[in-house]
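Peer 1: Top to bottom, those sequences are chains A and B.
Per the numbering used here, residue 1 is the first one in the first sequence, and the count goes up by one each step.
Per the numbering used here, residue 1001 is the first one in the second sequence, and the count goes up by one each step.
Read the hints as simulated data drawn from the structure, not as lab findings.
Please note: incorrect hints may appear among the correct ones.
[As the list claims (entries may be wrong)] Here are some of the chain A residues that sit facing chain B, going by a computed Cβ distance under 8 angstroms:
1. His41
2. Ala45
3. Phe93
[To be verified] Stretches of chain A that chain B covers, calculated by requiring three or more beta carbons in the stretch to come under 8 angstroms of a beta carbon on chain B:
4. 24–33
5. 46–59
6. 94–106
On a predicted model such as this, the values are computed, not experimentally measured, just so you know.
Glycine included, each C-beta is placed from N, C-alpha and C at the ideal position.
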Amino acid sequence: QSALTQPASVSGSPGQSITISCTGTSSDVGRFDYVSWYQQHPGKAPKLIISNVSLRPSGVSYRFSASKSGNTASLTISGLQADDEADYYCSSFTAAMTSVFGGGTKVTVL
Amino acid sequence: EVQLVQSGAEVKKPGESLKISCTGSGYSFSAYGIGWVRQMPGRGLDWMGIIRPDESDTRYSPSFQGQVTFSVDKSINTAYLQWSSLKASDSAIYYCARPRVVGAIDAFDFWGQGTMVTVFS
């Protein structure tokens, strides 16, 4: 199965909002409400920030929100902060009963 | 406190075998699956698959089916990722991770620290 499609990079100034897209197909993102998002800082393990399309685990900042429309899921980071600079990955359950990650998006805070 | 602790870095030659481990604590190990995720140098995350100890259910990504083997020893709360014949392209960091929900195969909310595997001749 192919990786989900994410933009390679997104940037924004402190305080701004940015949105990262994650495009799949009708066999993964479009079919199931099992899209997750992860944040990964350099040299660290990934951290789950969104599950089930839009659920924020306990302890994750309210500045992270997510949604899905058709085959595309989106992660929005509002009130951008320096510590938000990281790589972000989406993932989705698939019709093959497996999971697949997106290629990752590097977020730069200008 | 939920913790996943992985075995240390490995340096191997092509053709050699390898088994790395992931030991869980602070939760009911048998109830949750353990997933494996590869991250090649400077690259993104690859879902390799998952093993569910209680159900002896193992699921592999098509990209990794036949290339690696997952196993688990419930008596010591440890999951394993194994190669029978390493290739240079297996050089990567390998993470184990636990799904947030029992029965899920992703949405990993707890991660090991990663095991770096280097394969070169």
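Peer 1: Now tell me if each hint is right for this structure.
Peer 2: Here is what the structure says about each hint:
no., hint, verdict
1, His41, "violated (12 angstroms)"
2, Ala45, "holds (4 angstroms)"
3, Phe93, "holds (6 angstroms)"
4, 24–33, "violated (count 0)"
5, 46–59, "holds (count 6)"
6, 94–106, "holds (count 9)"
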